[in-house]
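J.: If you want the building blocks of each chain, they are given just below.
There are 4 protein chains.
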Amino acid sequence: MKAFVIKAGSSSLEGLQSTDLPMPEAGPGQILVKIKAAALNYRDLAVPMGVYIGGPVPVDLVPLSDGVGEVVALGEGISRFKLGDRVAGTFFRQCINEIPNPTAHAALGAGSTPGVLAEYVVFNADDAVAVPAHLSDAQAATLPCAGLTAWNALMEAGHPLQAGQTVLLLGTGGVSLQALLLAKAAGAQVIITSSSAEKLERAKELGADMTLNYKDIPEWDQEVMRLTAGHGADVVVEVGGAGTVARSMRALAQGGKVSLIGVLTREGDTSPHTLMLKAGSLHGIFVGNRRMFENMNKAITINKLEPFIDKSFSLDETVAAYGYLHSQKHFGKVVISL
Amino acid sequence: MKAFVIKAGSSSLEGLQSTDLPMPEAGPGQILVKIKAAALNYRDLAVPMGVYIGGPVPVDLVPLSDGVGEVVALGEGISRFKLGDRVAGTFFRQCINEIPNPTAHAALGAGSTPGVLAEYVVFNADDAVAVPAHLSDAQAATLPCAGLTAWNALMEAGHPLQAGQTVLLLGTGGVSLQALLLAKAAGAQVIITSSSAEKLERAKELGADMTLNYKDIPEWDQEVMRLTAGHGADVVVEVGGAGTVARSMRALAQGGKVSLIGVLTREGDTSPHTLMLKAGSLHGIFVGNRRMFENMNKAITINKLEPFIDKSFSLDETVAAYGYLHSQKHFGKVVISL
Amino acid sequence: MKAFVIKAGSSSLEGLQSTDLPMPEAGPGQILVKIKAAALNYRDLAVPMGVYIGGPVPVDLVPLSDGVGEVVALGEGISRFKLGDRVAGTFFRQCINEIPNPTAHAALGAGSTPGVLAEYVVFNADDAVAVPAHLSDAQAATLPCAGLTAWNALMEAGHPLQAGQTVLLLGTGGVSLQALLLAKAAGAQVIITSSSAEKLERAKELGADMTLNYKDIPEWDQEVMRLTAGHGADVVVEVGGAGTVARSMRALAQGGKVSLIGVLTREGDTSPHTLMLKAGSLHGIFVGNRRMFENMNKAITINKLEPFIDKSFSLDETVAAYGYLHSQKHFGKVVISL
Amino acid sequence: MKAFVIKAGSSSLEGLQSTDLPMPEAGPGQILVKIKAAALNYRDLAVPMGVYIGGPVPVDLVPLSDGVGEVVALGEGISRFKLGDRVAGTFFRQCINEIPNPTAHAALGAGSTPGVLAEYVVFNADDAVAVPAHLSDAQAATLPCAGLTAWNALMEAGHPLQAGQTVLLLGTGGVSLQALLLAKAAGAQVIITSSSAEKLERAKELGADMTLNYKDIPEWDQEVMRLTAGHGADVVVEVGGAGTVARSMRALAQGGKVSLIGVLTREGDTSPHTLMLKAGSLHGIFVGNRRMFENMNKAITINKLEPFIDKSFSLDETVAAYGYLHSQKHFGKVVISL
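Residue numbers (the numbering used here), protein chains in the order written: chain Z, 2 to 339; chain F, 2 to 339; chain S, 2 to 339; chain D, 2 to 339.
Simulated from the structure, these hints should not be mistaken for lab results. Treat the hints loosely; a few may be bogus.
As the list makes no split between identical chains, a pair holds if one copy fits it or if it spans any two.
[What the hints assert, rightly or not] Here are the simulated DSSO-like cross-link-like pairs (lysine-lysine), alpha carbons at most 27 Å apart as the crow flies:
1. Lys35 - Lys3
2. Lys299 - Lys205
3. Lys3 - Lys305
4. Lys299 - Lys8
Because the structure is a prediction, the values reported are computed rather than measured.
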């Protein structure tokens, strides 16, 4: 079957290569899935570049954590799924109801745990979930990492988001746009930031209540306080660009939370001093577990949410897809359709 | 000024009488409010009938807890409000952030605490809140008791409602319809019950995802399990008609909650045995505090929710308004406009 | 090997019989445990009497959920345990971090799921936990059902117990005495009730702060309010004797919780009306999951808690042990040592 | 009456001066308290040095937030207290059940809000609490700031501390030693750090389970992981010496919390990166509200906890008391007895 691999020891996007792999088989407790679509996240750039947690991959590794496909074979003892079900694998293996722990739970498409950029993939049945029926394959493919990270940041960490609260989303990346959908479905007010007037316009079309161009307003924490009549943001989804953490804390409402995501740029002021004045909290978010994924899927289904796709590539165009993500020109998810 | 009172010792709706009262004045820390609209709840029938908590009223009492009006005079030391603000009084006095306690906190329009069915009413500034600007006076008048009870039942008691969860609403009374609006705004799926096909049709128009006629399906707990593919309701708003509590518990999802509201009919099976099988919980709800009211108002404002008014009466038609509520023909709130 | 079974269809304690069974073997993912001690709970009387959930047992069944022993053989793929470890099986199978669900999770010693009253028992490694080192075998044997039920009732359901709060324990049965130990270790104040002055005296020796003889004070809810200067009990562990639930709710502090345990006697007033006045909650407790068990074990270890054993029987005396429990003369756990 | 003041604009301990002030009077809603003892916190050094929040004090200011005394006069309308009650003022004014907010709530002994280092002080009755009867005046005087900060850090912020969990206390300062008492009373395991073998020895006598000399073991985060068999600390009380935050996060258990206290030294690595790997959280703690204080007092009373006093000075020796605190030679609280 066709697949891509990151060559062992890779330290640049050139390590990403097309290949043929033997067809995998579903052992006991496993399912064989014919992949229909996969989606890219920033961490997927870091893996071939050799800068993800754990450094360069030790083996030739199929990349990507986010994929969706059809169950085409069942190993022994499977009751969770039947042939023809449309499923996604979970980002972490064997993380059903546990606190996600990147040390203890293998993550798809990193280290020596193969990902989903292949025509066929085997999952443990316990490590897969059915995806919402109203979504296209491409849309459903965006859920395991970007979608679940946004859900966890809003709904699970610390106080869950409540209708009527204010959510501040930093930038218009994959997690932010998923968080926009989820926060609006949950009845929250959303302020979103960007340095691009055009991207802010598009975010508004997707439901953002207020936008904020941080190029024009570098003191955006004060602007958030002003936009909320002195209340501040109840939740900040902090994707950690250039040292924004201290400013995010200053934008908080009393008792609010900052959900911290992604591989933070280490520069800039990260002093947590403001947390004391705000009685606030800072929560480390690393995707989530299967129960959270299932809960999110219910919210997506009930509210007919549709993750926003920017551009779709074919499997042959995988390298171009990575390049496009790297260019940061996208607005919405970058996906590969098989 | 014109007002209505329930005569001391009243045990029927005939105790409800039109009267003239001296104009009240705002003392230190108080505001004078010109009432624009008031709304009726079932408890407002119980008070003149002498069957509310504490028995017949000991003094001639202005009835009703739910009213909205304009601030027309400020006592000394008021910073929370200015002249012209549109406000509602809180159901409980001096219950800012505390656990509501009907023994410790006086409730408007019951016992010896005057209510709002008068042209002018004085509130402690601490016991009033600004109401959402997009609501009509009549709509805003429905919030202090029915609205807040629904909010507390869904959002504050036990685990707060989460987007994607299933809410079961028993009947189409005032609290249920407010809960319908709030639950949909929070991204939940709503199942609503009634014995009237027509009311169910109207509930569907207001956003209910599924309806259930308990006249046709007396085993409605089993039907809820079926409608949710065996999951059950994550939240039941239990308004306590004729001994429905045990059935509500059987309709619960594992770990779900029943929020218990109103003066329960004591007949029927109320054995909490099922709670153990469901790892469920039962929460007593008695309106709520001011912080909850303020949070609810944010959710109503952000999501442009509009409480549903069935019929509006003039102050002179107050007795007819009570009679109409008593007839149970209404669908939506019964209000009195001043 | 030697064991006891409840004969299929048994409806009295006479169904309990000594037998010889083939030695079990540990399959993949399983451990073989040489049982050292087992403990009895009231539910263990209900099973041979045919009145437990699901009715009479459909097969000859080894009884009892609570046992401790030594790992004497390891199946394939076991990393959780090594030979010689001292372990207990969990009450529910495959209930690691999930909400306990007696419909979905098989419970040891009931239905067709064999229990622990045998010389050797096989557990899935995932369904066993190491027990605190400072406990005797008999003490450790009391943890899986009675101990964990008490822990769940206090620490997991609803608001977790906080140091300085007041816990009301109804009676001096197995769960109540475990709850006494745990509540005191957590810094709470404990009021315990009994109809026996002697048992109250012993409870005081075990750490109870206040005692209450409900034979002398049938209005014990009022006495609890008095003993707590009008505050009430923050937590009631309600073991459901004869219709005590309504009274437990009246003994609650504002915002307090009643944790409901065991197969309730259905008689008496169970109207949840008081919950509304108290803003209280009622939580159904059915033992707990493995994560809770592990957390409890840490608390037991750190605080050197020792479950209180009343009397120990040999395997041959099993029928006498059941009879002794049935007589309700015990104070502390009844155990069988192998 | 005799008192001390910090002179307006003071920027050193020399601004602290003995003075005579007019006897205050209790207005409506207020109580007059004859101060018996006051306690010093590090923030009390920062105020006369002009480096506390808000800079140098704008007026001659009575210092100290922590004091206890006897109610000797009642203003109009007081029902919370009677003459002779022993009370402490709350750190924040008008912060009953609210989230503490140093911007909105005046704090005793800073800015222009007078503190308690005077023979007589007036409090709003709402801003005072009765103190546990078994404590000496000096012991009770330590509760409003240091005690409540420790309580909030352990019991209120994020997940409340649970019996059996592990608490890591950094250093043996006032908050750490209060936290030691509270954590042990709540059934937790405590690891405490210091650079002084002698102080560690004394902490052990006060109940610490494990000690850790960070002079000997600079990689103390790894040592905490080792001491807890790889589990880590469920709670770290982070008093923010020299850039210890990042290390505290590395010492966390999965899902654990760091409670952040005091005016942090800004140097050192404060990158919150580790929070993501730990699914951990960081909570800003600024003393607490009155409800928390009352809850803490119940825990102190039930468990007969006694805050540890290092040395007591007379009012005349106030400057020496400040100097002694500044020398950091103390172990336990420094108090002034009147």
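J.: So, against the hints stated earlier in the document, which numbers end up violated here?
T.: Of the numbered hints given earlier, those the structure breaks are 3, 4, listed in rising order.
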